[in-house]
Amino acid sequence: MKTTWSGTRAVTVATLAAALFAPYAARAAQPDDDPEKVVRWLDFKEGTFKGRAIDPHGDAVIKLDAPARAADAAVVPIAVNAQFPQTPTHYIRKLYLFIDENPEPYAGSFEFTPESGLATIETRVRVEDYTFMRVIAETNDGKLYSAIRFVKASGGCSAPADKDEDAAERTAGQVRIQAEGQAVAGKPELAQLMVRHPNRTGMAMNQVTRNYATAYFIRKVSVTYADKPVMIANVNFSISENPNFRFYFVPGGSGELKAHIEDTKNKQWDGAVAISAQPGGAQTSAMK
Amino acid sequence: MSVAFAWRHGVFVILIACAAIAHGEPVLSITQIAPGDYAHRGHDDIATPDNGGDIANVGFIVGTRCVAVIDTGGTLAEGRALRAAIRAVTPLPVCYVINTHMHPDHIFGNAAFKDDHPQFVGSVALAQAEASRADNYMRALNRELGSAAAGSEIVAPTMTIDGVGTLDLGGRTLTLRTWKTAHTNNDLTVYDEKSGTLWTGDLLFVRCIPVVDGSVTGWLDDIARIRQMNPRHVVPGHGPLDPPWRQSLDAEERYLADLARDVRAAIKKGETIRQAVDGIGIDGKDAWLLADIYHRRNVTAAYAELEWEQ
Numbered sequence: 001m002k003t004t005w006s007g008t009r010a011v012t013v014a015t016l017a018a019a020l021f022a023p024y025a026a027r028a029a030q031p032d033d034d035p036e037k038v039v040r041w042l043d044f045k046e047g048t049f050k051g052r053a054i055d056p057h058g059d060a061v062i063k064l065d066a067p068a069r070a071a072d073a074a075v076v077p078i079a080v081n082a083q084f085p086q087t088p089t090h091y092i093r094k095l096y097l098f099i100d101e102n103p104e105p106y107a108g109s110f111e112f113t114p115e116s117g118l119a120t121i122e123t124r125v126r127v128e129d130y131t132f133m134r135v136i137a138e139t140n141d142g143k144l145y146s147a148i149r150f151v152k153a154s155g156g157c158s159a160p161a162d163k164d165e166d167a168a169e170r171t172a173g174q175v176r177i178q179a180e181g182q183a184v185a186g187k188p189e190l191a192q193l194m195v196r197h198p199n200r201t202g203m204a205m206n207q208v209t210r211n212y213a214t215a216y217f218i219r220k221v222s223v224t225y226a227d228k229p230v231m232i233a234n235v236n237f238s239i240s241e242n243p244n245f246r247f248y249f250v251p252g253g254s255g256e257l258k259a260h261i262e263d264t265k266n267k268q269w270d271g272a273v274a275i276s277a278q279p280g281g282a283q284t285s286a287m288k
Numbered sequence: 001m002s003v004a005f006a007w008r009h010g011v012f013v014i015l016i017a018c019a020a021i022a023h024g025e026p027v028l029s030i031t032q033i034a035p036g037d038y039a040h041r042g043h044d045d046i047a048t049p050d051n052g053g054d055i056a057n058v059g060f061i062v063g064t065r066c067v068a069v070i071d072t073g074g075t076l077a078e079g080r081a082l083r084a085a086i087r088a089v090t091p092l093p094v095c096y097v098i099n100t101h102m103h104p105d106h107i108f109g110n111a112a113f114k115d116d117h118p119q120f121v122g123s124v125a126l127a128q129a130e131a132s133r134a135d136n137y138m139r140a141l142n143r144e145l146g147s148a149a150a151g152s153e154i155v156a157p158t159m160t161i162d163g164v165g166t167l168d169l170g171g172r173t174l175t176l177r178t179w180k181t182a183h184t185n186n187d188l189t190v191y192d193e194k195s196g197t198l199w200t201g202d203l204l205f206v207r208c209i210p211v212v213d214g215s216v217t218g219w220l221d222d223i224a225r226i227r228q229m230n231p232r233h234v235v236p237g238h239g240p241l242d243p244p245w246r247q248s249l250d251a252e253e254r255y256l257a258d259l260a261r262d263v264r265a266a267i268k269k270g271e272t273i274r275q276a277v278d279g280i281g282i283d284g285k286d287a288w289l290l291a292d293i294y295h296r297r298n299v300t301a302a303y304a305e306l307e308w309e310q
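Those sequence lines, one after another, are chains A and B.
According to this note's numbering, the residues represented by the first sequence are 1 to 288, in order.
According to this note's numbering, the residues represented by the second sequence are 1 to 310, in order.
To be clear, the hints were calculated from the coordinates, so they are not data collected in a lab.
Idealized CB from N, CA, C, for every residue including glycine.
Wrong hints could be hidden among the right ones.
[Said to hold, decoys possible] For each label pair, taking beta carbons as the anchor points, the in silico distance ranges come out as:
no., chain 1, residue 1, chain 2, residue 2, range
1, A, R40, B, I293, 21 to 31 Å
2, B, I293, A, R52, 54 to 64 Å
3, B, M229, A, D43, 29 to 39 Å
4, A, A28, B, E25, 53 to 63 Å
5, B, G270, A, A53, 39 to 49 Å
6, B, R143, A, A274, 30 to 40 Å
7, A, D43, B, K269, 35 to 45 Å
8, B, T158, A, D32, 54 to 64 Å
9, B, K269, A, A274, 40 to 50 Å
10, A, K143, B, D45, 46 to 56 Å
11, A, S276, B, M229, 53 to 63 Å
12, A, Q178, B, R254, 47 to 57 Å
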């Protein structure tokens with residue numbers, strides 16, 4: 001994804017000005033709005049999918065799990081649950097995440113392969129205002145399916161985490177990757193990747209300099225198992241501080257699960273964990 | 001007290017009340033906590049059009065030279081009603097408007113005091129915190145309160161405190177102090193030495209559930225230090241004025257310590273935020289108001305804070 005930081009800043013300045021000079025002008029999104037009439041979504045849809053049909057009832061393909069009212073707008077846990085396992089002939093290739101009212105609505109994409117086992121992803125996002133949240137799934141046959149939720153949350157992008165920003169940048173890049181429970185060969189295994197990073201939105205104005213901080217975030221995450229890709233995320237600051245991803249892969253007998261991470265200053269980090277899976281057919285199941 | 005004094009005093013109060021009514025100007029109800037310290041008790045609720053955003057405790061301290069306001073309420077209208085309440089007590093000028101932290105229910109009445117040309121006082125971290133949330137706070141305020149929020153705006157501090165600072169009101173010195181990130185990263189307390197009254201801002205919630213918008217571990221550290229200040233009277237940010245503060249502080253500490261303990265245990269078990277939010281309850285001993293609205297938020301914030309701790 002190309003990040004349009006300058007565009008985001010322009011939007012921010014414009015909305016700030018709107019809030020200051022015409023506090024009643026802006027109308028917030030409401031749950032009973034028609035999600036197919038949101039201009040930012042329609043622009044993105046046209047630009048990205050070029051008139052291709054999107055099945056709006058994608059429940060047999062993906063389910064989007066997001067809270068109707070977020071507890072904390074800066075840390076909104078979401079899950080996109082694939083409804084069938086990945087096979088070489090039928091699998092979800094890519095998930096697009098779009099949050100209508102965020103300063104950069106396109107939060108990014110997650111790519112999967114048959115080796116992913118299950119194209120399910122859990123992460124945490126920032127939500128700036130009451131909004132529709134959409135996931136578009138693209139299957140390997142090129143068909144598109146959407147799942148949509150309305151989320152009530154406010155301020156997740158404009159509120160910086162209340163921690164020392166400099167300290168957050170100094171500790172950036174610690175990586176933890178692990179599999180959950182005992183892996184079983186041939187069965188989709190749940191993995192968690194944690195990256196320490198401020199994932200700064202750049203929406204916070206420095207009161208002294210009157211400048212906006214630059215956005216600074218993890219833009220790409222590539223995870224492989226036994227050197228084959230299982231999950232590739234191209235994302236932006238809509239992902240919460242200290243990004244966290246939970247996803248699946250299919251272990252063989254033994255192999256390494258590796259993550260490669262890049263941020264917007266082109267800093268790069270790697271994490272890896274050796275996975276030794278029990279032979280398939282064992283009593284325990286990795287599916288939890 | 002002589003009859004003549006009582007008569008004059010009574011007439012004075014009545015005249016002020018009449019003047020206020022004549023202007024159709026609402027006056028905020030206030031209680032004298034200690035000589036010179038006056039506080040208004042906010043509603044134990046979230047901001048609604050019915051309560052007009054009047055949900056925080058606010059007030060003022062009167063010296064021989066001038067008046068310091070401590071938090072200004074959730075709207076311009078509440079700030080004006082607070083100003084009217086001050087005018088019913090003293091004709092002295094307002095020289096300081098202190099904000100205990102960035103939250104809307106404590107700052108949006110500031111504009112009512114602009115014509116008094118006071119110093120607006122806050123933590124050194126307040127201006128930045130307000131500026132980065134300004135857009136969102138204005139939108140949320142208008143959404144929640146509609147026309148009741150008319151004219152409300154953020155007025156940034158003109159004087160900042162980093163550590164400890166004092167303000168002289170004439171015959172009365174206020175000690176202002178900033179804290180380790182706790183309720184927010186810009187918490188500030190006001191201690192009136194003359195009356196021994198500590199205005200805690202939202203570092204102390206009584207009856208209403210504490211809200212973590214900063215750091216649960218920082219807050220627990222701050223509570224231990226607040227206890228050592230050993231004040232005679234306390235004005236909490238929310239809940240009853242001048243409560244038996246040791247018990248109140250203990251209850252708050254218990255809630256936050258349980259929260260940190262349970263979230264750490266959930267992280268250790270490999271639970272996700274969702275599972276932690278669904279699974280972590282509140283000890284039944286303390287019935288917190290607004291728990292249904294803020295407890296899940298607190299679990300989420302604590303989880304995000306503690307998951308990298310090791």
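Which hint numbers does the structure go against, in order from smallest to largest?
-> 2, 3, 4, 6, 8, 9 and 12
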